[in-house]
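Participant: Single-letter residue listing:
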Amino acid sequence: MRPTPDAVDDYSEHITTFMPRTAWSAPCSSWFKMGKVVGPVTAVHPGSRIHWFHMLESPRWEDFEWRREHRNRFRYLGNGFSTKEAEGEDATWYLDAPDALW
Amino acid sequence: MLTGYMAHSLNGDAHLTKALIPDFPVGSRRLTPGAGYLKSLTAENVELVAEKITEVFPKGIKLADGRLVEVDAIVCATGFDVSFVPRFPLIGEYGNLQDIWRDKLPAAYMSCMVPGMPNYFSKLPLGVLFLRLDQTNNSHSIPRSKCTYRSRQRPNHYRTSRQIYYQSDPEMPTRAHNICATDS
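Chains A and B, in that order, are what the protein sequence lines are.
Note that the numbering used here has the first sequence beginning at 1, numbered continuously upward.
Note that the numbering used here has the second sequence beginning at 1, numbered continuously upward.
To be clear, the hints were calculated from the coordinates, so they are not data collected in a lab.
Note that the structure is predicted; figures quoted are calculated from it, not measured.
Positions of the beta carbon are idealized from the N, C-alpha and C atoms, including for glycine.
One should not assume that every hint holds.
[Claimed, not checked] Covered stretches of chain A, going by a simulated chain B footprint (3 or more residues, C-beta under 8 Å):
| hint | region |
| --- | --- |
| 1 | 2-13 |
| 2 | 20-27 |
| 3 | 39-52 |
[As the list claims (entries may be wrong)] A few chain B residues facing chain A, derived, Cβ under 7 Å:
| hint | residue |
| --- | --- |
| 4 | F24 |
| 5 | V82 |
| 6 | P86 |
[As the list claims (entries may be wrong)] Some chain A residues close to chain B (C-beta under 7 Å, calculated; not the full set):
| hint | residue |
| --- | --- |
| 7 | S30 |
| 8 | M34 |
| 9 | G35 |
All chains should be modelled from the sequences, with the hints used to inform the complete structure.
Facilitator: Shown next as structure tokens:
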């Protein structure tokens, strides 16, 4: 898997647009700007710490190109049984915990 | 407020405040958090020299104003490589990342992946962009574990199929079992 070039470009464009409004862009040499006094801010997330958590919580799968190991994408469906039906497993867990999916 | 705090910590010393209180906005460079650091500069046995160094001679250092400072030892702290160029060759679809990031503005995807580097997930200290060092924690690992999980197992329907297993192919039960282990 790899991020598509246009997703990377869009992300870079957002950062380039966002950063000038921040203190990180102010003229002083710092590693935020790769050691330059004036330059693009490359080292930090364009937002707050919590904002960054939220961004990473939900991967944008549509931004990736995928190459499959096997030709048929549904190969994993296998023989049609669930692990819940294996010996020693609880195949009726949903009766006691209707809100629990797995 | 910070200017006042710094001036107070430096006992209002004109030389120290002039040398240490910056003229750029707060946050454009990382703050120095060291408790007692500024205070220590006011101690009697400490001297802060802000003058440029022009020469090092056997007994010490010569300053731009001609003054000679005799010292026992010199510790260099003149900076470090703040680029994101990897410390070793990293060859991807577009060539060596060392060359690409040295020549161009480094670009990455959401602080965890690099274009042209399939299945390469980065975390400190290698070529990590847009990642705040003080914020590194397990949260940053979440998408990566999801991605590796997904790319290893199957590219589709991460959520809907994690309990599926058993396959006539002998390699599948083991792999499918991992699916469940990952999600437990």
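Participant: Run through the hints listed earlier and report the numbers of any the structure violates, in increasing order.
Facilitator: Violated hint: only 6; rest satisfied.
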